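Please construct the entire structure, taking both the sequences and the accompanying hints into account.
There are 2 protein chains.
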Amino acid sequence: MEHVVIIGAGFGGLYAARALRREPVRVTVIDRRNHHTFQPLLYQVATAGLSASDIAAPVRRVLRKQKNTSVLLAEVTAIDPAQKRVIFEDGGIGYDKLIVAAGASHSYFGHDEWAAFAPGLKTVDDALEIRRRVLLAFEAAERETDPARRDAWMTFVVVGAGPTGVELAGALSELARHTLVREFRHINPCEARIILLEGAGQVLPSYVPELGEKARQQLVALNVDVRTNCLVTRIDEEGVSIGDRRIEARTVLWGAGVAASPLARTLGAPLDRAGRVLVQPDLTVPGHEDIYVVGDLASLKQEDGTPVPGVAPAAIQEGRHAARNIARTLRGQPRLPFRYHDRGSMATIGRAAAVADFGRLKLSGFVAWLAWLFVHVLFLIGFRNRFVVLFSWALSYVTYERASRLITGETPPLVEAARAPALEPRKDDGAAWTRPMPEHART
Amino acid sequence: MEHVVIIGAGFGGLYAARALRREPVRVTVIDRRNHHTFQPLLYQVATAGLSASDIAAPVRRVLRKQKNTSVLLAEVTAIDPAQKRVIFEDGGIGYDKLIVAAGASHSYFGHDEWAAFAPGLKTVDDALEIRRRVLLAFEAAERETDPARRDAWMTFVVVGAGPTGVELAGALSELARHTLVREFRHINPCEARIILLEGAGQVLPSYVPELGEKARQQLVALNVDVRTNCLVTRIDEEGVSIGDRRIEARTVLWGAGVAASPLARTLGAPLDRAGRVLVQPDLTVPGHEDIYVVGDLASLKQEDGTPVPGVAPAAIQEGRHAARNIARTLRGQPRLPFRYHDRGSMATIGRAAAVADFGRLKLSGFVAWLAWLFVHVLFLIGFRNRFVVLFSWALSYVTYERASRLITGETPPLVEAARAPALEPRKDDGAAWTRPMPEHART
Numbered sequence: 001m002e003h004v005v006i007i008g009a010g011f012g013g014l015y016a017a018r019a020l021r022r023e024p025v026r027v028t029v030i031d032r033r034n035h036h037t038f039q040p041l042l043y044q045v046a047t048a049g050l051s052a053s054d055i056a057a058p059v060r061r062v063l064r065k066q067k068n069t070s071v072l073l074a075e076v077t078a079i080d081p082a083q084k085r086v087i088f089e090d091g092g093i094g095y096d097k098l099i100v101a102a103g104a105s106h107s108y109f110g111h112d113e114w115a116a117f118a119p120g121l122k123t124v125d126d127a128l129e130i131r132r133r134v135l136l137a138f139e140a141a142e143r144e145t146d147p148a149r150r151d152a153w154m155t156f157v158v159v160g161a162g163p164t165g166v167e168l169a170g171a172l173s174e175l176a177r178h179t180l181v182r183e184f185r186h187i188n189p190c191e192a193r194i195i196l197l198e199g200a201g202q203v204l205p206s207y208v209p210e211l212g213e214k215a216r217q218q219l220v221a222l223n224v225d226v227r228t229n230c231l232v233t234r235i236d237e238e239g240v241s242i243g244d245r246r247i248e249a250r251t252v253l254w255g256a257g258v259a260a261s262p263l264a265r266t267l268g269a270p271l272d273r274a275g276r277v278l279v280q281p282d283l284t285v286p287g288h289e290d291i292y293v294v295g296d297l298a299s300l301k302q303e304d305g306t307p308v309p310g311v312a313p314a315a316i317q318e319g320r321h322a323a324r325n326i327a328r329t330l331r332g333q334p335r336l337p338f339r340y341h342d343r344g345s346m347a348t349i350g351r352a353a354a355v356a357d358f359g360r361l362k363l364s365g366f367v368a369w370l371a372w373l374f375v376h377v378l379f380l381i382g383f384r385n386r387f388v389v390l391f392s393w394a395l396s397y398v399t400y401e402r403a404s405r406l407i408t409g410e411t412p413p414l415v416e417a418a419r420a421p422a423l424e425p426r427k428d429d430g431a432a433w434t435r436p437m438p439e440h441a442r443t
Numbered sequence: 001m002e003h004v005v006i007i008g009a010g011f012g013g014l015y016a017a018r019a020l021r022r023e024p025v026r027v028t029v030i031d032r033r034n035h036h037t038f039q040p041l042l043y044q045v046a047t048a049g050l051s052a053s054d055i056a057a058p059v060r061r062v063l064r065k066q067k068n069t070s071v072l073l074a075e076v077t078a079i080d081p082a083q084k085r086v087i088f089e090d091g092g093i094g095y096d097k098l099i100v101a102a103g104a105s106h107s108y109f110g111h112d113e114w115a116a117f118a119p120g121l122k123t124v125d126d127a128l129e130i131r132r133r134v135l136l137a138f139e140a141a142e143r144e145t146d147p148a149r150r151d152a153w154m155t156f157v158v159v160g161a162g163p164t165g166v167e168l169a170g171a172l173s174e175l176a177r178h179t180l181v182r183e184f185r186h187i188n189p190c191e192a193r194i195i196l197l198e199g200a201g202q203v204l205p206s207y208v209p210e211l212g213e214k215a216r217q218q219l220v221a222l223n224v225d226v227r228t229n230c231l232v233t234r235i236d237e238e239g240v241s242i243g244d245r246r247i248e249a250r251t252v253l254w255g256a257g258v259a260a261s262p263l264a265r266t267l268g269a270p271l272d273r274a275g276r277v278l279v280q281p282d283l284t285v286p287g288h289e290d291i292y293v294v295g296d297l298a299s300l301k302q303e304d305g306t307p308v309p310g311v312a313p314a315a316i317q318e319g320r321h322a323a324r325n326i327a328r329t330l331r332g333q334p335r336l337p338f339r340y341h342d343r344g345s346m347a348t349i350g351r352a353a354a355v356a357d358f359g360r361l362k363l364s365g366f367v368a369w370l371a372w373l374f375v376h377v378l379f380l381i382g383f384r385n386r387f388v389v390l391f392s393w394a395l396s397y398v399t400y401e402r403a404s405r406l407i408t409g410e411t412p413p414l415v416e417a418a419r420a421p422a423l424e425p426r427k428d429d430g431a432a433w434t435r436p437m438p439e440h441a442r443t
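Line by line, the protein sequences give chains G and R.
Take 1 as the starting number for the first sequence in our numbering and just add one per residue.
Take 1 as the starting number for the second sequence in our numbering and just add one per residue.
Please keep in mind that the hints were generated in silico from the structure rather than gathered at the bench.
Accuracy of the hints is not assured; some may be wrong.
[Said to hold, decoys possible] Distance ranges between label pairs, derived from CB positions:
hint, chain 1, residue 1, chain 2, residue 2, range
1, R, N223, G, N188, 52 to 58 Å
2, R, L361, G, A116, 56 to 62 Å
3, R, D225, G, N188, 54 to 60 Å
4, R, E113, G, T228, 29 to 35 Å
5, G, P412, R, R328, 38 to 44 Å
Please read these numbers as outputs of a predicted model, since none were measured by experiment.
Idealized CB from N, CA, C, for every residue including glycine.
As structure tokens, then:
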């Protein structure tokens with residue numbers, strides 16, 4: 001029986017595996033994480049609205065009943081098309097057919113040094129790191145007595161106004177203005193500044209200008225400071241530079257560039273500028289008809305010349321299509337070219353605010369938000385997830401409370417970090433800090 | 001207005017703060033974490049039954065409506081009774097009255113080098129680390145081809161059969177035998193060995209022998225290998241030694257010793273052998289009538305000579321009592337001695353299995369489990385938590401599924417780690433690994 005190896009258990013890999021469940025093949029799904037992540041809702045984990053397990057399902061559980069499939073937790077470091085082998089850090093496995101669905105990570109446009117100051121949002125661990133930074137920033141602001149430093153803690157910059165950036169900025173604003181309000185005694189979380197920077201001329205550059213403008217209006221209504229035509233030239237621990245303009249901000253989040261998995265390079269196939277594999281119309285790699293690439297790692301032009309977008313529905317359709325072509329090959333049938341069915345695109349901006357583009361039907365506001373909610377909860381894998389997510393959403397809609405406001409991991413010293421380098425313990429810190437207390441006692 | 005500082009937002013600190021909400025004082029609660037942790041359910045997070053946010057509530061949120069109270073995120077490093085100041089890593093604050101509720105961490109009985117190999121369970125981060133190790137162990141076993149090494153990955157040792165150890169062992173057994181079953185292709189999770197080691201002569205040494213025996217029977221029914229009178233003499237990366245007997249186990253969990261917070265030492269007050277502060281009957285520190293110590297950090301003998309136990313109800317009662325004594329002092333009334341009201345103790349062993357000791361009424365099995373569930377969900381802080389926890393419980397009771405099976409953080413190489421040191425990449429690893437595949441394909 002032929003052995004189909006699938007690298008990656010994101011949307012592309014998982015739907016490919018499912019589509020092979022009744023085919024006469026044995027399937028091995030390899031991922032470096034034990035869970036499938038529902039990426040469209042990651043921003044909710046990053047902003048404490050959902051907990052990580054609400055939007056992640058163990059890959060083993062999802063594929064448990066699929067008898068012809070095993071799951072391996074392993075980090076793939078290279079593909080060897082000559083030997084027909086996939087190489088791990090700690091082993092390897094042979095294949096007859098290979099589906100590469102390894103996805104993408106962030107690109108800092110050649111400024112990898114920005115990564116430490118501006119985390120992106122691709123994995124559960126990324127989301128937990130962003131949540132930690134955002135919640136710690138308010139805690140540090142509460143303890144900081146120097147006004148300029150406090151303002152820097154209260155300033156949040158999101159770089160890139162694609163769907164991820166828009167969702168993050170909107171959710172951050174709601175977190176500050178509704179959830180945290182009245183919980184602090186020395187700061188007013190409503191005064192937090194959320195700044196959304198975009199290099200292009202409109203919000204949601206991949207959308208029609210009409211919806212970009214609607215999204216901008218909804219963001220402004222949420223008090224987000226939206227700045228288009230802003231190219232970031234520097235990010236450091238203290239803030240962001242746009243040419244000679246400077247924003248002092250202790251929390252910077254990255255929603256801009258996407259870089260293909262470095263696995264693509266090990267295939268020896270032609271790549272596009274973003275490092276994605278230029279696949280044939282049937283999704284195979286030129287010169288290797290036993291290797292398919294799907295999802296964010298694949299670069300393919302549609303008949304009208306536009307590229308297949310890097311979104312979940314495209315990855316799902318490509319995964320299924322690769323599986324279908326493998327099955328056809330086994331039956332001696334020719335492989336079919338892939339055609340992307342665009343069922344529309346949506347981005348949510350906040351509580352009851354979203355934009356949706358279903359071709360002729362363009363929605364914004366509450367109706368778009370309901371559509372967004374419906375589609376996303378529908379596609380969440382696992383009954384419990386769907387139920388808990390809907391319940392959390394309904395509850396936070398009514399109460400504005402966010403359910404998952406945990407800071408996990410190390411807590412750095414908050415005040416020391418905010419000060420100019422001072423290696424000796426400063427005995428006056430405490431006195432400075434206790435000063436504002438009597439004011440609070442009067443409120 | 002007098003300033004009451006409370007160190008620690010566990011049960012003792014939080015209930016003390018709540019009891020002061022209508023008193024003419026200003027209150028500052030300091031914790032190094034932003035959340036109150038419902039410790040009795042931590043073992044459920046460690047075994048993937050609940051997610052971290054289900055059992056943790058932001059301290060700010062809990063105290064949000066209490067106008068006289070502020071919350072600070074800070075790590076207290078020392079107390080200076082002479083200056084009446086609490087010292088942080090990065091600052092400090094003065095007090096008029098102080099309630100120290102800093103709790104306890106693990107004690108490895110002088111073997112601090114065991115900490116790296118046998119994590120304990122006191123914080124959310126501890127629980128997530130245990131969850132990571134347990135889930136990774138099964139993943140590593142699935143990939144391991146050497147039978148002895150695979151057995152070591154499939155062996156889980158819990159040291160200490162107090163309530164935490166008993167709960168962990170029971171939940172681990174259910175995780176292996178019910179939740180993970182049928183999800184692996186090369187191992188059978190049912191064959192996992194769960195070994196519970198206890199130095200004393202019975203399970204649950206602080207309980208009456210009758211209930212200890214019931215607990216042992218229920219553990220044995222869950223396939224847990226219970227060994228009493230077993231003093232661990234060595235723990236390393238490969239397993240556990242009990243004198244000259246050896247258990248090869250890659251996962252060891254620590255449920256044995258408890259060590260008082262090192263803060264106790266900075267008070268200059270008399271300590272007991274475990275490092276806890278020997279408080280006066282009114283819960284103040286000898287020589288410092290403005291400093292109270294409550295919860296796990298306090299050591300106090302009851303009238304009958306038995307110590308107040310280190311359990312949540314005792315911490316709650318002590319926290320409230322310290323608050324009451326502060327209020328009485330402000331009104332010029334004398335402080336009252338603390339009396340512990342023992343409402344019983346309970347430990348859960350697994351699905352529908354528990355023991356409970358309400359004095360004359362001693363329960364075990366399903367009834368005890370229902371009582372346990374009722375009391376614990378009742379005391380969970382926050383409506384959403386209660387609801388979600390009950391729902392998760394009901395669902396996992398019916399389906400045996402555990403809701404939160406995420407491995408977060410770094411995934412180390414699984415197979416390399418299991419092998420003898422081999423610094424060069426081993427090209428034969430892959431071949432070894434692929435060998436068992438055809439067998440699986442036949443199933």
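Could you work out which of the previously given hints the structure breaks and list their numbers from low to high? 4
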